[in-house]
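Going by this note's numbering, the residue at position 185 of the sequence shown is 409; the numbering climbs one at a time, nothing skipped.
Worth flagging that the hints you see were computed from the coordinates, not collected in a lab.
A portion of the hints provided could be inaccurate.
[Claimed, not checked] List of simulated lysine-lysine pairs, PhoX-like, C-alpha gap at most 20 Å:
(1) K336 x K484
(2) K357 x K295
(3) K304 x K286
(4) K336 x K459
(5) K484 x K389
(6) K449 x K336
(7) K336 x K460
(8) K295 x K319
(9) K448 x K460
(10) K460 x K449
(11) K418 x K357
(12) K460 x K357
(13) K309 x K324
(14) K377 x K434
(15) K484 x K393
(16) K336 x K319
(17) K449 x K357
(18) K449 x K459
(19) K357 x K377
(20) K418 x K377
(21) K336 x K448
(22) K459 x K448
(23) K336 x K295
(24) K324 x K308
(25) K484 x K396
(26) K396 x K377
(27) K336 x K324
(28) K434 x K357
(29) K336 x K286
Just so we're clear, the structure is a prediction, and the values are computed from it rather than from any experiment.
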Amino acid sequence: MVNLFLQYLQYERRSSPHTLTAYQRDLTQFTDYLAATYELAGPENATFPMVRSWIVSLVEQKMEATSINRKMATLRTFYKFLLKKETISLDPMQKVIALKTSRSLPAFVDEKPLSLLLDQFEFAEGFSGLRDKLVLELLYGTGIRLAELIHLKEGDVRVAEQVIKVTGKGSKQRIVPIHNSLPSLLEAYSAARKTAFPAPMTHHLLVTDKGEPSYPMMIQRIVKKYLSMITTIEKKSPHVLRHSFATHLLEKGADLNAIKDLLGHASLAATQVYTHNSLDRLKQVFEQAHPKA
């Protein structure tokens, strides 16, 4: 049933490869636990006490509450699927309550060092330097997710209109504007790419040094390399640039609903976390500048 469930996620819910990998990993770990602890062949026959026992074991392993809650979400989706298929009659997740978590604020990079990097840093000449800069400009300039970036096709870029078509979670599409300096960078990158790879192997916008489609680890390495030059924050990931995009827009007075649409959030609740970043910044400015502070 696990394979059938994964096929359902892939073809009916159109889940991303990243999501599929996470679900498969969670279900494999749960299946292994059931086999080792209860000699149960698969998760289809698991009961509430068995699920609870697994959660306790994860807590004892010092796993973070957010990670445990994500695994619980996987099981909830899996057992809802089994109920729908009438494979089971009782949902073992029905009584399971999510663990309490302390929500951490999104990490972001200040506007000034990012501007220095993108406007004044001399990237390597030729294809690879242009590609690296384009990666940073797209992530910070549009706020798109890593998965959305690597799935961008050349046809998704509308230079004349200064927009890109982004395919987000659940294959939902949205149009995101690009800033004024991106069209010239896109054209320079496209020309350098054609010179480097006269016979294109893919229609993906971003490619490796061999002309193949980009992949998550490659983009993560690029981002970490350049962010290490300008910031000491612990996480130097593509998502940090997405957080920076949203935080800086909010600080400039952008409407929260507009930011929600640009980020592709399903609800405003996911976007509201950035208001805490801006509030912290306002407090910091007040404490540094106000004579009564």
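Do the hints match the structure? See the list:
Taking the CA atoms of K336 and K484, the gap is about 24 Å. The hint is violated against a cut of 20 Å. As the CA atoms of K357 and K295 are separated by approximately 36 Å, the hinted pair breaks the 20 Å bound. A threshold of 20 Å between alpha carbons decides the hint, and for K304 with K286 the separation of about 28 Å lies outside it, so the pair is violated. With a CA separation close to 18 Å, the supplied pair K336 and K459 stays within the 20 Å bound.
At most 20 Å may separate the alpha-carbon atoms for a hinted pair to count; K484 and K389 meet this at roughly 16 Å. At most 20 Å may separate the alpha-carbon atoms for a hinted pair to count; K449 and K336 meet this at roughly 18 Å. Among the hinted pairs, K336 with K460 is consistent with the structure: their alpha-carbon atoms are about 16 Å apart, no more than 20 Å. For the hint linking K295 to K319, the alpha-carbon distance of about 15 Å falls within 20 Å, and the restraint holds.
Restraint check: the Cα-Cα separation between K448 and K460 comes to about 5 Å, which is no more than 20 Å; the hinted pair holds. Our distance criterion of 20 Å between C-alpha atoms is met by K460 and K449, whose separation comes to about 9 Å. About 17 Å separates the Cα atoms of K418 and K357, which keeps this hinted pair within 20 Å; it holds. With a C-alpha separation of about 16 Å, the suggested pair K460 and K357 falls inside the 20 Å cut-off, and the hint holds.
Distance restraint check for K309 and K324: the Cα-Cα separation of roughly 31 Å exceeds the 20 Å cut-off, and the hinted pair is therefore not satisfied. Pair hint K377 plus K434 holds up; C-alpha atoms about 17 Å apart against a cutoff of 20 Å. Between K484 and K393, the direct Cα distance comes to roughly 14 Å. Compliance with the 20 Å bound is thereby established for this hinted pair. Between K336 and K319 the CA atoms are separated by roughly 49 Å; this puts the pair beyond 20 Å, and the hint is violated.
At roughly 12 Å between alpha-carbon atoms, K449 and K357 fall within 20 Å of each other, so this suggested pair holds. Between the alpha carbons of K449 and K459 the distance comes to roughly 12 Å, so the proposed pair stays at or under 20 Å and holds. Straight-line distance between C-alpha atoms of K357 and K377 comes to about 17 Å, which keeps the hinted pair within the 20 Å bound. Proposed proximity of K418 and K377 is supported: the alpha carbons are some 15 Å apart, at most 20 Å.
Straight-line distance between C-alpha atoms of K336 and K448 comes to about 18 Å, which keeps the hinted pair within the 20 Å bound. This hinted pair checks out: K459 and K448 have alpha carbons roughly 8 Å apart, not beyond 20 Å. With a C-alpha separation of about 38 Å, the suggested pairing of K336 with K295 is violated against the 20 Å cut-off. Restraint check for K324 and K308: not satisfied, since their Cα atoms lie roughly 29 Å apart, outside the 20 Å limit.
Of the pairs offered as hints, the one joining K484 and K396 holds, with about 14 Å between alpha carbons and a cut-off of 20 Å not exceeded. Simply put, K396 and K377 have alpha-carbon atoms about 15 Å apart, close enough for the 20 Å limit, and the pair holds. At most 20 Å may separate the alpha-carbon atoms for a hinted pair to count; K336 and K324 exceed this at roughly 36 Å. Distance check on the hinted pair: K434 and K357 sit about 18 Å apart at the alpha-carbon level, within 20 Å; holds.
A distance of roughly 38 Å separates the Cα atoms of K336 and K286; the hinted pair therefore is violated under the 20 Å criterion.
This entry does not satisfy hints 1, 2, 3, 13, 16, 23, 24, 27 and 29, going by the numbered hints stated previously.
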